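Peer 1: The lines below spell out each chain.
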Amino acid sequence: MMRHFFICAALASLGTAVASGQTIAITGGKVYPVSGPVIEGGTVLIRDGRIVAVGADVAIPAGAQRVDATGKVVTPGLVNGASQLGLMEIGAVGSTREMRARGKDGIAAAFMPWEGFNPSSVLLGPARDGGITSAVILPQGGLISGQAAVIHLVVGTATDMIMRAPVAMLASLGQVAGNRAETIMRLREVLFDARAFRTHRADYERSQTRTFSASRLDLEALAPVLDGKLPLLVAVDKASDIEAALRLSKEFGFRLIIAGGAEGWQVANALASAKVTVLTGAMNNVPDDFSSLGQRQENAGLLAKAGVPVVIIGNAGGGDEDVFNVRNVRFEAGNAVAYGMEWNAALRAITLTPAETFGVGDRVGSLQAGKLADVVIWSGDPFEFATQPERVYVGGVQISTPSRQDLLEQRYKTLPPEYRKPD
Amino acid sequence: MPTASHARLAGVIGALVVAALHAGGAQATTAAAPRKAPTDTTSPAPMRGGTSLPNADPFPSTYRPFASRPTLITNVTILTAAGPTIRNGSVLLSEGRIGAVGQNVPTPPDALVIDGTGKFVTPGIIDTHSHIGAGAAPGDEGTQTDDVNEATSPVTANVWVEHSVWPQDPHFPRTLAGGVTTIQVLPGSANLIGGRSVVLKVVPARTAQGMKFPGAKYGLKMACGENPKRVYATRGPSTRMGNVAGYRAAWIQAEAYRRKWDSWNAKHEGEAPSRDLGLETLAEVLRGNILVHNHCYRADEMAQMIDVAHEFGYSIRSFHHGVEAYKIADLLARDTISASVWADWGVFKLEAADAIRGNMALLSRAGVRTIMHSDDPSGEQRLNQEAAKAMAEGNRIGVPVSEDDAIKWMTINPAWALGLDDRIGSIQLGKSADVVLWSGNPFSVYSRAEKVWIDGAMLYDRLDPASQWRTDFELGFVPANRGGAR
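Protein chains in written order, with this note's numbering: chain H, 1 to 423; chain R, 1001 to 1486.
Bear in mind the hints are in silico, worked out from the structure with no lab data behind them. These numbers come from a predicted model, not from an experiment. Heads up, the beta-carbon is just placed ideally off N, CA and C, and yes, glycines get one too. Watch out, some of these pointers could steer you wrong.
Claimed, not checked - Quick list of simulated restraints, FRET-style, between CB atoms:
1. R/Asp1464 - H/Leu217: 22 to 32 Å
2. R/Asp1464 - H/Glu342: 17 to 27 Å
3. R/Gly1367 - H/Arg66: 37 to 47 Å
4. H/Leu415 - R/Pro1400: 50 to 60 Å
5. H/Asn179 - R/Ala1466: 55 to 65 Å
6. R/Arg1334 - H/Gly307: 56 to 66 Å
7. H/Gly41 - R/Phe1477: 45 to 55 Å
8. R/Leu1463 - H/Gly307: 39 to 49 Å
What the hints assert, rightly or not - Simulated pairs of lysine to aspartate or glutamate, EDC-like, Cα-Cα distance not exceeding 20 Å:
9. H/Lys250 - H/Glu342
10. R/Lys1349 - H/Glu40
11. H/Lys72 - H/Asp57
12. H/Lys30 - H/Glu390
13. R/Lys1349 - R/Asp1300
14. H/Lys30 - H/Glu40
15. H/Lys250 - H/Asp193
16. H/Lys413 - R/Asp1330
17. H/Lys413 - R/Asp1405
18. H/Lys413 - R/Asp1464
19. H/Lys30 - H/Asp57
20. R/Lys1119 - R/Asp1422
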């Protein structure tokens, strides 16, 4: 398992395909680097797939391809913080679903869904076209679902696309393994065992330990969580469960990230002082169940105001926000603004904050020299429906492959005639 | 985590009900012979759209408009859904109706005047495809709030979804806050024929009857494709050909039933035939008194359903979901069938794999009455945003859609699909004063419904949280400090 972990890390360093030998200067646009203040009429200079300069007075080398972005908005490529891109093609078709491990008693910590990642997924096209240039891919189900990865949406192989893995371990609280307290008890039991396994590894190999409550692979996979190296992403909505997650994090010393967090606004100060990032949306205000009675669209804004790092993800429900419509995360950000979040904070919440949260903040998420050239030129405010992503660069390469949806649209834009017998 | 919508829920439901084999679909009961057979023309209370046989309107609407005062919204941009945008105009709401609209509207002395500078007025939004009330929140296991699919038999024309509607569903006030004033609640898509729909005004009431849109026609929910065949895989129909055989068998029975009752109604001789709730509904479809709303994704299946309708002489009022409707836009235009579709849902099952965001623009261009529907309590709150996405895609692919077109997708076109386009769906003199004041352009992500009027009564005011409707369920359970932010 650990060996596997390192192989993947090695893969990851290979896995960022970038364009070489090309210099591109995007000029004249309203540039939002995210890492710094907006630059009117700024230039983003790209060479060999990386950003080499961003600013108002950037010298443009002779021979550079100039892209005039006057009147446009330039941002980093968007980072979707919670998707199942490449893990699910057609939801109802089992043979295209790869995000759920069978596990053992709800524990699948060793599960690395990116091993089954499909780089040819037809759903990657609409995501790229929508300005998504990297995404977190998550496993699903059980008490401990498995591990997450960040993919880079270059057009390429799985090796090219897996940017970093693992980036988090996913668990869930609530009534996942019995009632709420029982679920916490079970999670604690597994973490205890992982701790014991870590310190009694040699005894374990000689069968000199008691029986542990999870498999060897799962216990091993949890070691980096206990070491504080791999964050535990806990899917949880109810405020009291969020507090329980905070207590567990203290007890076991793991880095906590909250996903969902419908009632997070009720414990915003505790989250802020623990410096816990929350992945949440801004389009759900329905008390869907007894765990999310306090769900409201102001959640993201209220958390941000309290000082909680926020990653905006799709949470409306029903609208395929984890695959086909991962592109819509920019509208989720717009809704967050409509419900009280500051505009710049909302942009950060779909770019740099998810990149930092999942350990790729040194490579993507902002327009800074040295970072991968993931850049989007928008026709206007990226949160607005009328705005189009006019050019999307991933690793300095402009996306030009038509998506399956584009092909269908082209085919039927003019209705074909009924079939006729050839004359 | 997100909830699944009913469009894709039928599989789950199917798994739960395969063992629950109830006695059968239509329940036959013998009615006392009516003294006088009411018909559409002679019924003593011929509620428009009420059924003609033998008890026209057993669950009558008790809705009465809420108290209102004359209201004039001034200096506002008006998307009328009946013509070009009126800039810097005024709308007068008076006695529950649009009393005046235009650039120069005199202020009645007693009117409440609302300055609409920088704001927009639209007709109340209408959703042809809702399940709220019947599929209520919260939806945890054990709440028993999912009363959408009577998935016990492939044909349940006998059920009326209004009998599932819980007026305290917290979805209702949220839908109203999205500017939605009228919804059609449909039974689910597990069955070939799922039962009667009901048209509701989105108003607080103690009973479902208190929300029923007076005089609105009923709809009939039908469903094609994957859902019925998956739900009934073990007992049939298990194939698409089985689905079509199922519709045809039901219509053959309905046709015989209609003849029997029509002939008895004409003569009133002998004993009245036995009533059959399911066939009664289907016969009303054949008489044109109930409108067919047909869940169907694939183009080829919609074409089959059009032929079934031709075979039995009924009309399909609207195809719902229709992710492939763009492939047969010409057929829909030819038969005057509206298309109730999404902006961008798709690929969650194979029959939805060819979803394109240009669907609405292409349908609109072909002359199809195009409708933005939700099938989702979350999407229902933001039909304006959904329309904005579909409009943007049309403009991107060179099939331009104006705001004056796009507003129709969620107002006058759905009003037509519900048979209510003479009463609601546009800002025109004499129409019901179902009106939304938006904080800005409704196609902007930053705009929100600020005030909502139904029949001239202000039922929602975002700026006054204390006045906002909270359902009984929400009291105590749901924190009160929602809404009203900013």
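Peer 1: Next step is simple, just say for each hint if it's right about the structure.
Peer 2: Going through the hints against the structure:
{"no.": "1", "hint": "R/Asp1464 - H/Leu217: 22 to 32 Å", "verdict": "58 Å, violated"}
{"no.": "2", "hint": "R/Asp1464 - H/Glu342: 17 to 27 Å", "verdict": "25 Å, holds"}
{"no.": "3", "hint": "R/Gly1367 - H/Arg66: 37 to 47 Å", "verdict": "44 Å, holds"}
{"no.": "4", "hint": "H/Leu415 - R/Pro1400: 50 to 60 Å", "verdict": "18 Å, violated"}
{"no.": "5", "hint": "H/Asn179 - R/Ala1466: 55 to 65 Å", "verdict": "37 Å, violated"}
{"no.": "6", "hint": "R/Arg1334 - H/Gly307: 56 to 66 Å", "verdict": "60 Å, holds"}
{"no.": "7", "hint": "H/Gly41 - R/Phe1477: 45 to 55 Å", "verdict": "53 Å, holds"}
{"no.": "8", "hint": "R/Leu1463 - H/Gly307: 39 to 49 Å", "verdict": "28 Å, violated"}
{"no.": "9", "hint": "H/Lys250 - H/Glu342", "verdict": "31 Å, violated"}
{"no.": "10", "hint": "R/Lys1349 - H/Glu40", "verdict": "45 Å, violated"}
{"no.": "11", "hint": "H/Lys72 - H/Asp57", "verdict": "18 Å, holds"}
{"no.": "12", "hint": "H/Lys30 - H/Glu390", "verdict": "14 Å, holds"}
{"no.": "13", "hint": "R/Lys1349 - R/Asp1300", "verdict": "16 Å, holds"}
{"no.": "14", "hint": "H/Lys30 - H/Glu40", "verdict": "5 Å, holds"}
{"no.": "15", "hint": "H/Lys250 - H/Asp193", "verdict": "17 Å, holds"}
{"no.": "16", "hint": "H/Lys413 - R/Asp1330", "verdict": "12 Å, holds"}
{"no.": "17", "hint": "H/Lys413 - R/Asp1405", "verdict": "19 Å, holds"}
{"no.": "18", "hint": "H/Lys413 - R/Asp1464", "verdict": "47 Å, violated"}
{"no.": "19", "hint": "H/Lys30 - H/Asp57", "verdict": "13 Å, holds"}
{"no.": "20", "hint": "R/Lys1119 - R/Asp1422", "verdict": "26 Å, violated"}
In summary, the numbered hints that this structure violates are 1, 4, 5, 8, 9, 10, 18 and 20.
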